[in-house]
Amino acid sequence: MKNSRLLITLFYCYSVLIATQAYSQNYLILYEASSSTILKSNKVKEVKIFRGDSTLGKNIMENYFFDKSGCSNKRIWYDRFSKELGPMKAETFTSKDKLEITRISGRTDRNGVFKSYEKRTENYTKSNKLIKSKVEQTVDYVTITQNNYDTANSKKVDLAIIKIFTNTTDTFQIISSTFDTKTKTYTVKDKKKGAWIESEKSITTFLNDSFKEYTLYKNGVKAQHYTKEELNKKKQNDNEDVNENPLPTNDKGNVDTVYTSDLTFINPWLENEKSKNKYTVILQYDTYDKKKIQYADVYYTKSGLIYRRIQKFNPLMNETYQYTFY
Numbered sequence: 051m052k053n054s055r056l057l058i059t060l061f062y063c064y065s066v067l068i069a070t071q072a073y074s075q076n077y078l079i080l081y082e083a084s085s086s087t088i089l090k091s092n093k094v095k096e097v098k099i100f101r102g103d104s105t106l107g108k109n110i111m112e113n114y115f116f117d118k119s120g121c122s123n124k125r126i127w128y129d130r131f132s133k134e135l136g137p138m139k140a141e142t143f144t145s146k147d148k149l150e151i152t153r154i155s156g157r158t159d160r161n162g163v164f165k166s167y168e169k170r171t172e173n174y175t176k177s178n179k180l181i182k183s184k185v186e187q188t189v190d191y192v193t194i195t196q197n198n199y200d201t202a203n204s205k206k207v208d209l210a211i212i213k214i215f216t217n218t219t220d221t222f223q224i225i226s227s228t229f230d231t232k233t234k235t236y237t238v239k240d241k242k243k244g245a246w247i248e249s250e251k252s253i254t255t256f257l258n259d260s261f262k263e264y265t266l267y268k269n270g271v272k273a274q275h276y277t278k279e280e281l282n283k284k285k286q287n288d289n290e291d292v293n294e295n296p297l298p299t300n301d302k303g304n305v306d307t308v309y310t311s312d313l314t315f316i317n318p319w320l321e322n323e324k325s326k327n328k329y330t331v332i333l334q335y336d337t338y339d340k341k342k343i344q345y346a347d348v349y350y351t352k353s354g355l356i357y358r359r360i361q362k363f364n365p366l367m368n369e370t371y372q373y374t375f376y
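My numbering numbers the first residue of the sequence shown as 51 and each following residue consecutively.
Please note that the accuracy of each hint is not assured.
Claimed, not checked - PhoX-like, lysine-lysine: derived pairs with alpha carbons at most 20 Å apart: (1) K232 / K205; (2) K165 / K118; (3) K206 / K146; (4) K148 / K184; (5) K352 / K93; (6) K139 / K179.
Quick caveat, the hints were computed from the structure, so don't treat them as lab data.
Assemble the whole structure, with the sequences as input and the hints as a guide.
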């Protein structure tokens, strides 16, 4: 297939490749390759992702399941540990009133018992505004992170992180951060051998949305303090020091002249070459060198569903998408 027969539409990337809030807010996003709108219009029920150049049906790496609204409520994926312990799994559950959404991620062990690594819960108002999010993670120790949101003022922050070290009998850590638009307070408290210690605390004040003053305490003792004026003076002195001894800079980025922007690596992956405009190809370039292709996403032009992701430098990481429909 000649390069001229490849339809490259960069704007297409924004509506297909990048996951957006087109997903209902009453879902925790699991699948990011296509928008829920496209999945719904094509009545996609399941997507299997195969990796490598092997025959389709082998080396399955990810498996997504969708409801009829185009939102993924279940994901199963495989990694280098999967053969011994079973695949990873993430599943989303929504309450009947759709005001609470929970996603549970974990792995099935050798005995067939599912072990949760992460539980993420979000709570919404009836007007669909997020009011609380909570994440419970269990790896070497338990971490509980909770955010409370003020629907009337998005600038307000109320965050709490609790760490429970399960390898000891009495070790905890609580990190809290609050911000009422005038004062931001960050606190770290540790509990060891039954006693609570405030190991760190910082207080930042603002005036008319502008920084005013910062104070840091370590184990109850003031360790640092500066005002807006002092900070500006320090920045000015730092700039003067840099100007006195400027270092050489390279703003060209990582330029690799070995590879060019040819599309020949895509051709072997495209089927039915005589079918004009069957595929839409979106090229992803290197961050620092816009002439160097990192990978290409190949979509079915008619449906907008992704067909393959082709890696320029590592064919073993190529991906093929297989669909099941309602």
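Okay, the hints, checked on the actual structure:
1. Taking the CA atoms of K232 and K205, the gap is about 10 Å. The hint holds against a cut of 20 Å.
2. Of the pairs offered as hints, the one joining K165 and K118 is violated, with about 29 Å between alpha carbons and a cut-off of 20 Å exceeded.
3. Straight-line distance between C-alpha atoms of K206 and K146 comes to about 29 Å, which puts the hinted pair past the 20 Å bound.
4. About 16 Å separates the Cα atoms of K148 and K184, which keeps this hinted pair within 20 Å; it holds.
5. Our distance criterion of 20 Å between C-alpha atoms is met by K352 and K93, whose separation comes to about 14 Å.
6. A hinted pair counts as satisfied when its Cα atoms are at most 20 Å apart, and K139 with K179 does not qualify at roughly 28 Å.
Checked against the numbered hints given earlier, the structure breaks hints 2, 3 and 6 and satisfies all the rest.
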